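The opening position of the sequence shown corresponds to residue 771 in the working numbering, with each subsequent residue numbered one higher.
Check each hint, because a few of them may be wrong.
Using 30 Å as the maximum straight-line C-alpha spacing, the simulated DSS-like pairs for lysine-lysine come out as follows [said to hold, decoys possible]:
hint, residue 1, residue 2
1, Lys954, Lys838
2, Lys954, Lys940
3, Lys809, Lys838
4, Lys940, Lys809
5, Lys838, Lys940
6, Lys954, Lys912
7, Lys838, Lys912
Derived by calculation from the structure, the hints in this document are not laboratory data.
Remember, it's a predicted structure, so these values are computed and weren't measured experimentally.
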Amino acid sequence: MSGISVLAAQRRAADTFDPVAYREKCKQVRQLIADRIAKDGAQYSVVNASISGETTSGGRTRLPALLKQHRPAIVVIELGGNDGLRGLPVNAMRDNLAAMIDECLNAGARVLLVGVRVPPNYGREYAERFAATFDELARARKVALAPFLLDGFADRTEYFQPDRIHPNEKAQPLMLANVWPHLKPLLAARR
């Protein structure tokens, strides 16, 4: 199972964000992950359970049914971006992510938490607390962490749709490269 939310971000302006194209990009990432897993000879199927625009609260609500339906060996959690873009309290995001991690671990799944960040215009204090949450949770819960999904290209407009929030097709392999070193060890581990 790949993700409760994979690459979802808040819609900013209707004329600059193409939700159909974005859903296709999310499918492409799922396929890139599935292809990479198959290339390495691992026997996993990949489920993209993301919903564009979802917050950690929504992911937390949906997670129990997803765990029951798919009984995953690994869960990749990439949520929080929409919490940040809406300026929601960091503590609420932390609590939701912690509960999701705990629920996955209690279900016997290994967890990869994927860090996200907010743009600098949200203020230094908020942005620092927001970014630190992912590292703190991964250490406290002893789960794998991919520190930042958009590492190496977050400030490069050619990798984003016109809204400058949603990654475009060119960004998909870069996102995989940022996640793969942290996902691969989980694939090799036994349940």
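Here's how the hints hold up against the structure:
{"no.": "1", "hint": "Lys954 to Lys838", "result": "holds, 24 Å"}
{"no.": "2", "hint": "Lys954 to Lys940", "result": "holds, 22 Å"}
{"no.": "3", "hint": "Lys809 to Lys838", "result": "holds, 28 Å"}
{"no.": "4", "hint": "Lys940 to Lys809", "result": "holds, 21 Å"}
{"no.": "5", "hint": "Lys838 to Lys940", "result": "violated, 34 Å"}
{"no.": "6", "hint": "Lys954 to Lys912", "result": "holds, 16 Å"}
{"no.": "7", "hint": "Lys838 to Lys912", "result": "holds, 23 Å"}
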